[in-house]
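Novice: Put the complex together from the two separate chains, hints included.
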Amino acid sequence: MVEQLEKAIDFQPVAEVKHLDFYYSGFHAIKNVNFDIPEKKVTALIGPSGCGKTTLLRCFNRMHDLYPGNRYQGGILVNGVNILAKEVDPIEVRMRISMVFQKPNPFPKSIFENVAYGLRIRGENSRTVLDEKVEDALKSAALWEEAKDRLNQSAYDLSGGQQQRLCIARALVTEPEIVLFDEPTSALDPIATNSIEELMSGLKQKVTILIVTHSMQQAARFSDYTAFMYMGELIEFDKTETIFSQPAQKRTQDYLSGRIG
Amino acid sequence: MTQQVFSSVSTKKLSPKLIRNLKEKAIEIVLFIAASTSVATTLAIMFILLEECWFFFQEVSIFKFLTDTEWTPLFANPRYGILPLLSGTIVTSAIALFVAIPCGTIAAIYLSEFADSKLREIVKPFLELLAAIPTVVYGYFALLFVTPFLQKIFPELPGFNMLSAGLVMGLMITPFVSSLSEDAMRAVPALLREGSTAMGATKLQTALRVVFPSAISGISSSYILGASRAVGETMIVAVAAGLQPNLTLNPFSQGATITAFIVQVSLGDVARGTIEYQTIFAAGLTLVLMTLVLNIIGYYLAKRFREIY
Ligand SMILES: Nc1ncnc2c1ncn2[C@@H]1O[C@H](COP(=O)(O)OP(=O)(O)OP(=O)(O)O)[C@@H](O)[C@H]1O
Ligand SMILES: [Mg+2]
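If you're matching them up, the sequences are chains Z and Y in order. Letter 73 of the first sequence, counting from 1, is numbered 73 in the working numbering, and no numbers are missing. So the mapping is simple: the working numbering equals the position in the second sequence, first residue as 1, plus 1000.
Bound conformation, chain Y alone (with noise of 0.2 Å):
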């Protein structure tokens, strides 16, 4: 009966039928284009990375790269450790996130659990706004701001140091990690709440036991976020910590990180081909690992967490 009906409306409309595959088939080609374009620039990326640091390595060896104290690839006498860029990368993005965690998972489990949905259209743009604000801005509010204010309290504190980066740095980072945990929090069923609650739970308990398990896998990729937007973040240390490699976990000292270096030596004068032009892959290789594994680690964490409600 059906087959029947299927047949006579197939060939009565055959030329359609053949247009319609045509139109999907271009359709899929220019979907395919769109998805190989990040793919290819992901990979050529990569492939001038690993191109410069292989010249890079050939003057350097890997050893000396990993272990070596000192980050003074522009001097006389230059040195190429990268540990001093790699402790200050550390330790601003280690700051930046003992601020943006608590504050953002405190502020989005306000606003997901407790807020009610005129306060949270009221609150939600101005957060999404300090994430609009252009990082220099943020630099020059840690330098000559944020520094003074903390010089205060703490009077040895140099006017550049990675205490006040990495502060205003959390604070950037704090609405990435509100507003994806936020959503994460949303995305929990009504039900699993509602059992909690019927259970004689008051609405922090929900939040706390039931809610916040159940959405640690949106969750912890926030944090991941958090922390791959922090250990990228050029501006703010660029401005606000000094610019001088200094291997330390101290974080009232100055400090450079791969990204302010980055920045420092491509807007000075190197020569391509050169040392000096090929240390910025060399970091930036160095960059670009660090997130790898982070991404790896928020992959493993999604997988492991996965929402199972």
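Just chain Z, with the same shape it has in the complex (with noise of 0.2 Å):
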């Protein structure tokens, strides 16, 4: 397990995962979990429903804390500093690393305002800076053509793609380091879920790209690593076409070969 995550790091890491333990009250659901995430890379999270994944995902934007209970152990190190330590505030790591949720969760705004609004909580109300932000992250999230016309209108006039596009553009418009999206395209039909997609890989030239993901073939298709998870642990992690070619582990081989999960 040691040697493999070693031979697996030739790239620079932006964000090391180290002996993280997760305890949902009492139950633990993340299990000495030990990664780097590449930066300005695609990688992927999968395994079998219910083993963690999800749970994963939003210990890096401290998501967690929002309910009674839940607990954190070990560290998630971003520039060297440990993200889940109780004295950085998780304001601050949110600004820094963005979520796409599993279902699209536009605010009851206009398009402008839904994209405006990680600025305008930070206070910038200056319409120029505005107007210039919210223009460069519709356009990362190839949504500027079909919404430029409309922006003052309601987001939920949007398509449930368009509106999972718009919360992507959301998510971009702080200029995040991290963008962790949860089963993006899961609640979309192929053609949306297609430019998601194609958005996606053309995103990380700009942000390293954390995705959980249901799907093999999306997986496949565009994570740079991949990682494999099986009830709460981390069984193996490596470069995609590795882990898809010839998986190291036993029980990796079995999920991919439809045995388990």
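Hints listed in this document are in silico derivations from the structure and should not be mistaken for laboratory results. A few of these clues could be false.
[Stated by the list, open to error] Straight-line C-alpha distance at most 27 Å; calculated DSS-like pairs for lysine-lysine:
{"id": "1", "chain 1": "Z", "residue 1": "204", "chain 2": "Z", "residue 2": "41"}
{"id": "2", "chain 1": "Z", "residue 1": "206", "chain 2": "Z", "residue 2": "103"}
{"id": "3", "chain 1": "Z", "residue 1": "86", "chain 2": "Y", "residue 2": "1203"}
{"id": "4", "chain 1": "Z", "residue 1": "103", "chain 2": "Z", "residue 2": "204"}
{"id": "5", "chain 1": "Y", "residue 1": "1118", "chain 2": "Y", "residue 2": "1203"}
{"id": "6", "chain 1": "Z", "residue 1": "133", "chain 2": "Z", "residue 2": "109"}
{"id": "7", "chain 1": "Y", "residue 1": "1203", "chain 2": "Z", "residue 2": "103"}
{"id": "8", "chain 1": "Z", "residue 1": "86", "chain 2": "Y", "residue 2": "1118"}
{"id": "9", "chain 1": "Z", "residue 1": "103", "chain 2": "Z", "residue 2": "139"}
{"id": "10", "chain 1": "Z", "residue 1": "40", "chain 2": "Z", "residue 2": "206"}
{"id": "11", "chain 1": "Z", "residue 1": "31", "chain 2": "Z", "residue 2": "41"}
{"id": "12", "chain 1": "Z", "residue 1": "133", "chain 2": "Z", "residue 2": "206"}
{"id": "13", "chain 1": "Z", "residue 1": "204", "chain 2": "Z", "residue 2": "139"}
{"id": "14", "chain 1": "Z", "residue 1": "148", "chain 2": "Z", "residue 2": "204"}
{"id": "15", "chain 1": "Z", "residue 1": "206", "chain 2": "Z", "residue 2": "41"}
{"id": "16", "chain 1": "Y", "residue 1": "1303", "chain 2": "Z", "residue 2": "103"}
{"id": "17", "chain 1": "Z", "residue 1": "109", "chain 2": "Y", "residue 2": "1303"}
{"id": "18", "chain 1": "Z", "residue 1": "109", "chain 2": "Z", "residue 2": "148"}
{"id": "19", "chain 1": "Z", "residue 1": "133", "chain 2": "Y", "residue 2": "1203"}
{"id": "20", "chain 1": "Y", "residue 1": "1203", "chain 2": "Z", "residue 2": "109"}
{"id": "21", "chain 1": "Z", "residue 1": "18", "chain 2": "Z", "residue 2": "40"}
In this text the structure is predicted, and so the values were computed from the model without any measurement.
Specialist: Next up, the structure:
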């Protein structure tokens, strides 16, 4: 396991997960996970339902802080700082590591205000700055062409796929270092899924992407690295080609060939 | 295949299906009757109101009713202008809403977004208790406690005044506003809250910028309900505001509301069929129309800001 990890590290890590444990009250959901997230690459988290992918992902932006009883142990180091430490302000963490959810969740505001949200809450009210950053984010999320003439319409007038791209634009507007995606296409039809995948492959020039996915094909298609999880543990982490062509662990093999999960 | 299964089941059990159908029908009829009673009651009330008002408006022109500045139907020289009662109703209700909307909204935001479940379990019963106190108790609270207290600040304040009645009425309405608003805010999906939190918003920012606007439909209906309660409230104003019809918007003066007038006349001994008796219905119709307008506004607000999430 350890040799394996060392073999995989031929990249510049943007975040290092070190001896990470996570508990939902009494339930031990993440068990001693160790791996590094490569910078400006797409890392996919795969594994059977209930293995802890979402739970692990939500450690990265301290989402678990929202609910009482949740407990982290160990660390996630970003630029050498453990972002799980008590003295680190989770709000700062979320400014640098943003998230796109499984279901599109636009706010009951206009398209423009949805994207501008992250800037507004940081006190940015200059119209020129907002206009410029919102346009950039919408362009990065491949929504600008469709949305530029209706920026003041409600976000709920958009289709499901457009809403998800809006949520991606919203997550990009604050120029985060890492963007977390939790099965971002599972609520969408194949065409919308395609456009989101294309968009994400383009995004990795700018940001580091960590994505949870149920679809092997999706992971194989556009991730650079893949982490396979099973029952709260990280079983294997390697380059995506390696994981899919010659996985080192029996359980990874079994999962990929459909024997578990 | 499935059709075969279906037909074999239904041929075997023909009679139970008949019984079930009869039962369903009987239940439907009972439900229909229950639903119709409320409609029938409303229609009956409207009919009686309109009938008595018909006689009233034979004696008093609608124009006089709406423009005369005095309401003295029981005097030797009666005047029938609804405006003084309307102003009393509006002033006391406005003061009440001025208290209840901010307090109720803040309490709702706190309970729904900030208080942990333990604290909520303690605070909610107290708020509900506040709503369960008989309004006559609030009336005497206004008259014997709040008015003397206000007189320390404003020495010229008379013993009966609309300010004190309105403030206490606001206190009474606050739990209605807060409880309904809180329900509306708690119904906002966690996914929206998480979306806002994930953007780096604080709890307060999430509450004010995402949860509140998402729940605006329910919140605005809670305001409308509060307004209806204020307009219809009787005992507090009858006890504390002085039963003195007075065309003024000054909260420091005495005043009577439509409801207070109705209860005042109903308690006295006016004979059926007299014009004094019919004034109750004219005033009552005005009240019904006011609440109707409020309900229509509420309906459109709810439609305009339907919960879209
Ligand atoms: N709020 C919670 N409280 C307690 N246990 C939870 C909670 N959320 C998830 N779990 C448990 O933690 C484990 C991991 O759940 P998680 O949602 O991370 O799985 P997942 O890999 O994302 O699954 P899926 O692919 O179905 O989304 C599961 O056993 C689940 O039952
Ligand atoms: Mg999940």
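Novice: Hints the structure violates: just list their numbers, smallest first.
Specialist: Going through the list in order, the structure violates no hint and respects every one.
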